[in-house]
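Okay, here's what each chain looks like letter by letter:
There are 2 protein chains.
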Amino acid sequence: MKAEIISVGTELLLGQIANTDAQYISQELSKLGIGVYYHTVVGDNWDRTVDAISLAASRCDIVILTGGLGPTADDLTKEALCSYLGLECVMHQRSYERLCERMKKHNITAMTQNNYKQAMFPESATVLDNDHGTAPGMYYEREDAHVFAALPGPPSELKPMFSNYVMPLLQKKSGKVLVSRVLRMYGIGESSMETRVKDILDAQTNPTVAPLLGNGDVTLRITAMADNLQEAKLLIEPTEKALTERLGEYIYGYDDDTPQSVLVELLKQKGLTVATAESCTGGLIASRITDVQGSSEVFNEGFVTYANEAKVKHLGVKEQTLIDYGAVSEQTAREMVLGLIERTNCDVAIAVTGIAGPGGGTHDKPVGLVWVGVAVKTSDGIKLSVTKNNFVGNREKIKFSTSTTAIINAIKMIKNL
Amino acid sequence: MKAEIISVGTELLLGQIANTDAQYISQELSKLGIGVYYHTVVGDNWDRTVDAISLAASRCDIVILTGGLGPTADDLTKEALCSYLGLECVMHQRSYERLCERMKKHNITAMTQNNYKQAMFPESATVLDNDHGTAPGMYYEREDAHVFAALPGPPSELKPMFSNYVMPLLQKKSGKVLVSRVLRMYGIGESSMETRVKDILDAQTNPTVAPLLGNGDVTLRITAMADNLQEAKLLIEPTEKALTERLGEYIYGYDDDTPQSVLVELLKQKGLTVATAESCTGGLIASRITDVQGSSEVFNEGFVTYANEAKVKHLGVKEQTLIDYGAVSEQTAREMVLGLIERTNCDVAIAVTGIAGPGGGTHDKPVGLVWVGVAVKTSDGIKLSVTKNNFVGNREKIKFSTSTTAIINAIKMIKNL
Chain A
99 MKAEIISVGT ELLLGQIANT DAQYISQELS KLGIGVYYHT VVGDNWDRTV
149 DAISLAASRC DIVILTGGLG PTADDLTKEA LCSYLGLECV MHQRSYERLC
199 ERMKKHNITA MTQNNYKQAM FPESATVLDN DHGTAPGMYY EREDAHVFAA
249 LPGPPSELKP MFSNYVMPLL QKKSGKVLVS RVLRMYGIGE SSMETRVKDI
299 LDAQTNPTVA PLLGNGDVTL RITAMADNLQ EAKLLIEPTE KALTERLGEY
349 IYGYDDDTPQ SVLVELLKQK GLTVATAESC TGGLIASRIT DVQGSSEVFN
399 EGFVTYANEA KVKHLGVKEQ TLIDYGAVSE QTAREMVLGL IERTNCDVAI
449 AVTGIAGPGG GTHDKPVGLV WVGVAVKTSD GIKLSVTKNN FVGNREKIKF
499 STSTTAIINA IKMIKNL
Chain B
99 MKAEIISVGT ELLLGQIANT DAQYISQELS KLGIGVYYHT VVGDNWDRTV
149 DAISLAASRC DIVILTGGLG PTADDLTKEA LCSYLGLECV MHQRSYERLC
199 ERMKKHNITA MTQNNYKQAM FPESATVLDN DHGTAPGMYY EREDAHVFAA
249 LPGPPSELKP MFSNYVMPLL QKKSGKVLVS RVLRMYGIGE SSMETRVKDI
299 LDAQTNPTVA PLLGNGDVTL RITAMADNLQ EAKLLIEPTE KALTERLGEY
349 IYGYDDDTPQ SVLVELLKQK GLTVATAESC TGGLIASRIT DVQGSSEVFN
399 EGFVTYANEA KVKHLGVKEQ TLIDYGAVSE QTAREMVLGL IERTNCDVAI
449 AVTGIAGPGG GTHDKPVGLV WVGVAVKTSD GIKLSVTKNN FVGNREKIKF
499 STSTTAIINA IKMIKNL
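As you go down the protein sequences, you meet chains A and B in turn. Under my numbering, the first residue of the first sequence carries the number 99, and numbering increases by one thereafter. Under my numbering, the first residue of the second sequence carries the number 99, and numbering increases by one thereafter.
Since the hints were derived computationally from the structure, they do not count as laboratory data. None of the hints are false.
One copy or two, either will do: identical chains are not told apart, so a pair holds if it fits within one copy or between any two.
Heads up, simulated DSS-like pairs for lysine-lysine below, C-alpha to C-alpha not over 27 Å straight-line:
| no. | residue 1 | residue 2 |
| --- | --- | --- |
| 1 | Lys411 | Lys475 |
| 2 | Lys368 | Lys411 |
| 3 | Lys296 | Lys202 |
| 4 | Lys495 | Lys257 |
| 5 | Lys202 | Lys486 |
| 6 | Lys215 | Lys495 |
| 7 | Lys296 | Lys203 |
| 8 | Lys215 | Lys296 |
| 9 | Lys366 | Lys411 |
| 10 | Lys463 | Lys202 |
| 11 | Lys495 | Lys203 |
| 12 | Lys203 | Lys463 |
| 13 | Lys203 | Lys486 |
| 14 | Lys513 | Lys368 |
Let's have the full structure, built from the sequences with the hints guiding it.
See below:
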């Protein structure tokens, strides 16, 4: 099966956003063994949208549209698709009710005509609930087995709708299951990781093994195509074992794991709590930990000690240490993390201090220099690790790399208890 | 002039990378008043690439190709373009010499036939030097004034080549400038914003006014096309004034502003500092504030008081308040923010407490219920605001909405001092 993804939105053609929707859908379709042959972007324009649909249908079996499902007059994707398909839209009761409920929750009393059009669909289409926004999507299979789908543009709405509702429908259509297992690594570069397992990567056909590009993570995705889940898992197993033999020390998690989800899970298992003291990350470590559902079981408190006085006051860092070595130093990181574990009830303490830039760097202490401290209470006293890191990139990237390293270091120390 | 961007690369269709090249070129072309009408992505396939060029040339005046200029057999973009144009490639002396030099620098002694093909160009084309990689690009204007360009795919090579060599050629061709002004709003929904200014939106042709979709922001972008910058600004001014009259109360910033950048700037101007006490946001407010370069001037410390004990210990929230009203209550938010401003040196205090979910909600206190407190020291004592909010979405979205509301509330209070 061949697929084309048509993204509708003038904001794409103005370069205001990158077409990450097409990227995401392409990744997902490849899991089903569906080849994506074209991405097309058109503006919020009726004729060009209809023409794009018509061209796509002439050369592909699956046509997926993204964007242009909102309430404004500019949003015309669904209407253009239905016009091309010759289908009339009527009010879809469930969508109407969900829309009313949502408006009520947001205290919006006056629904406009434009709001209502979001709940209008052809009777023969499958309406895809939008669990994260107002505009539902649609999925339609034509008599010639061609599939057409229209999905909302915002990634936070598109992704769950695609994976929860569109993927199962397409999977049923393809008759095969594609099962993936993602190995997530940290602390190794992508090229050296690939060099270590190149022979495995090259030799595989089913399952295939390929890196999956993402948010700073180094990953390998093992993907097996089979008639059923059981068979797919049997295909994946030996490959995963072979990869783990070579890369196990760098693997911190699997599939949808994040460093923070692995840390929270580990703390829960061991009945431990964690606290944070952050300088250059400014609260990002605590924010990432508390992104994890149920993190309140293991996280009670954190400090953002941006100024020197805050480090002294809340963590007991000695003023003389700050004078002698500076805030960005091994000594300060050590006193921060030890002060944190002594002054709070936590079992695991994480502290970071560094230079996020773009200003503030010197020859001896360049932008990107970060000290990461982790301390763990054990029956033999406090176990401590303070590491020096040199991160590259802009301010946000340095903050993010620091937070990842701190969380991974904590995971390693807890695992090695 | 209408433009189409064709990106050639199977890695795009597999979703391994997003099409940021098309985004970048679109942004740049819009500055010249050149409208981008289509983005197209095809794989590394001769027939589909030639077909895409042919279709683009039939509907646009400017056709820009990215990717597929490398040395491997897969790289066929330039050859497909020249084949379509009926132009023969010959060795381009400067490119050949630059290529040899580069290979020498990288200690590559054996040049293959494939390396040489990168230096082959039609005699009638303008060869664009690649100052950051091996493959030069090409620019060609056909007798009918249609422009065709082929550029390398890696952004680090594409961007300087485009801005240094292609932009000057296109600017000469277009003779116009396009200038934009973005108004950023918060506290109003997109549809009710549009309803308020629909007549202005509909009536405009130059400048045009349209919403710009973004990360939870409601925006309007005013875009003027003119002969020069000065004239464009004069066109924008009255429209901006008219929009501000109707929407001014919701506008928090302009162009690349974020809530946090506006807050930090405002604090700097007034010589004030801010501190944070976060429950449900878990450090996100502090992290967003410290994303702003130079925020250390205005931010000294923050607390993540996730557990009740932390609220009592660090902020002086009364235990009885927590028993009587619960952690998610107006009373607790009030004591958090007042405790924060009393116990730290800050001039502005921000505190939030709420239920980020997905668990923990009850009938009276549903997921998404968040109390946001802001306190400001003034000559007349402490000015206080505590607001109740009901946010929707998943955990991360509720955290994000909470942090934005807290920052915007702080901006408003400081502005109204």
